[in-house]
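Number of protein chains: 2
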Amino acid sequence: MLTFTLDASDGAARAGRMETARGMVETPMFMPVGTQGTVKAVLPRDLEEMGSQILLANTYHLYLRPGAELIQKLGGLHRFMNWNGPILTDSGGYQVFSLGAMRKLSEEGVRFQSHLDGSYHLLTPENVMQIQAALGSDIAMVLDECIPHDADREYARASTDRTIRWAERCLRARVRADQLVFGIVKGGMYTDLRERCVQELCSMPFEGFAVGGLGVGEGEALLHSIAASTVGWLPEDRPRYLMGVGRPEDILNAVRAGFDLFDCVLPTRNARNGTLFTSAGKLSIKRAEFANDSRPLDPACDCYCCRNFSRAYLRHLYMAGEILSSVLNSLHNLYFYHRLMERCREAIRLEQSDFWSQASATLRAQLD
Amino acid sequence: MLTFTLDASDGAARAGRMETARGMVETPMFMPVGTQGTVKAVLPRDLEEMGSQILLANTYHLYLRPGAELIQKLGGLHRFMNWNGPILTDSGGYQVFSLGAMRKLSEEGVRFQSHLDGSYHLLTPENVMQIQAALGSDIAMVLDECIPHDADREYARASTDRTIRWAERCLRARVRADQLVFGIVKGGMYTDLRERCVQELCSMPFEGFAVGGLGVGEGEALLHSIAASTVGWLPEDRPRYLMGVGRPEDILNAVRAGFDLFDCVLPTRNARNGTLFTSAGKLSIKRAEFANDSRPLDPACDCYCCRNFSRAYLRHLYMAGEILSSVLNSLHNLYFYHRLMERCREAIRLEQSDFWSQASATLRAQLD
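If you read the sequences in order, they're chains F and A. According to my numbering, the first sequence is numbered sequentially starting from 2. According to my numbering, the second sequence is numbered sequentially starting from 2.
Keep in mind that a hint or two might mislead.
[What the hints assert, rightly or not] Coverage of chain F stretches by chain A, computed from C-beta distances (three or more under 8 Å per stretch; other residues unrestricted): (1) 39 to 49; (2) 67 to 75; (3) 78 to 87; (4) 321 to 327; (5) 342 to 351.
Just so you know, the hints here were simulated from the structure itself, not pulled from any lab data. Ideal placement from N, C-alpha and C gives every residue a C-beta, glycine not left out.
So that you can see chain F by itself, here it is in the shape it has in the complex (with noise of 0.2 Å):
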């Protein structure tokens, strides 16, 4: 199956077309979180309106409630969400890790115990597969365990093992044709460990590659070194996610150095906080400043919001606990991520090479 089609590059960084069961997506692409089957505070219509074109979906959140079975029968997640265009689903692995209690690993997988009733639940290779053909999304991810940052090497090498184990259990488990799989590559902060893990993930057939455990506390200068090594020995024609992270300057970052996809919860949970990101830096819309201030949030953005509100509305209604506020700020920050990644497209399509250094240096510009 040909996944991916390469268009451009610039360096390492590339554009190009990843083909799934539900269209084609342009990368590099942000891919908008719907942790519970809703992008948070966005209907699908503006999604789309805002050129989303592919959404991740969270399978521990979905698994628990509303469970995988009934959206099964309900039609799958698209129907469920009213979502037409591709979804990753991930494996669950990291929110076991992140908000489970109890959890006890094992060769088998990960039992658990849901956040939300402390029932216990069991995720393995076989059924994260089975529960992400149920919600029918369009990629799949293996399981995978987290790597604590700080983990010694010991840890992190069986750790590392044990996933590689895990992602062949997936393929073996595969349920849907129609269902792209992507491996994820681990190994802690241990280069050595992730070059280990790309030969062995490479040796499997994975539709693409995602580079997972970064973000993860390791810091900046980590992430990025690690991120660039790791994205270096992934095969050129398959794409290549950068998962959970992040900032727009790390994504600008990691663009350059070669990945295709990215998700992140920024751009919505800063937007419900009122953090904005701006082409002149972060901004705190509830900064007395802002009170009187008749300017759009961003003179250089034309999404729905900068074209018909001023900073001094959106500063009102957030400062009111105005639920309009987490509307208009999400819709702002999902089109500037959507525009930043266009221009990166772009910048590699027509070999702009002096758009990297003069867009990092516009987003490390913080007004805060």
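Fit chain A to the known structure of chain F by using the hints.
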């Protein structure tokens, strides 16, 4: 100034058009409530799309936060909230009595403490006109005192007399020629006081009349009997507004009695609480029976919510505490109110006399 054109009538019910500085409003019409400069959880674009023709905004809330002067400096309320159609503002009186602390009523006006920060304020007939002029609404309401439903005759009489004196002062304090001013008929539960109040107000040059102080705990029978008798004394050639009432069946009754304009927080507040209006009666989306219900909320409804989402999804959003629950439920409930008004207008224009009893029976059918 010709404000109101009567196009058709069916018994006491009437269909017409009300002219404002920002265009025409078909009547009978429901006005969504935008308390703090936003109809909660709904974008102005979506209000327009669903057929909202005029909004109500609360002077009390906007005066306290962000302040009427600030809104004026920013170009007025329409620009602030990006709503280009007509806006009616109340005088703030109702919220002073329902939300403000330490009220002190005098002939001058009403002193109160802000529910937000305890600061002291004074509303007078003169300054509520100035505040509403600063907001720039298309219809301003006079200052009135809320009479408790169980007030004795002497209290109601004295309060009604003061409201009449305040109404005169409001007209004298009129600021903008492009802003219509509506008087408010009070009188508590005493029909003779209501009748006298109508007579007094009709001798003043108001562009429209509201009936206030109903739906405050007096019970359905008394509400409708007082509303019906009061509306009969009002002049035919000016719009008649029943303030703050209410449930779909109440509005239907009041349209039949001859009212033209309505507002209520019920559709949006119920939406946020998961209570939804349908052609088969009210429905509580949190009920377990909807967990696997693939049908739209209301199969007879063609709103964005009903065209695209199942009851199971809406229940999931509600149970998961997702913002999109409030967004979709609000879109649906407001659409329901607007379609009800549209069918009323049609029934009047086409003399579909059997509409009223059928609609009334349907609205009284309750699923819960």
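Violated constraints from the hint list, given by number and in increasing order: Per hint list: single violation, 5.
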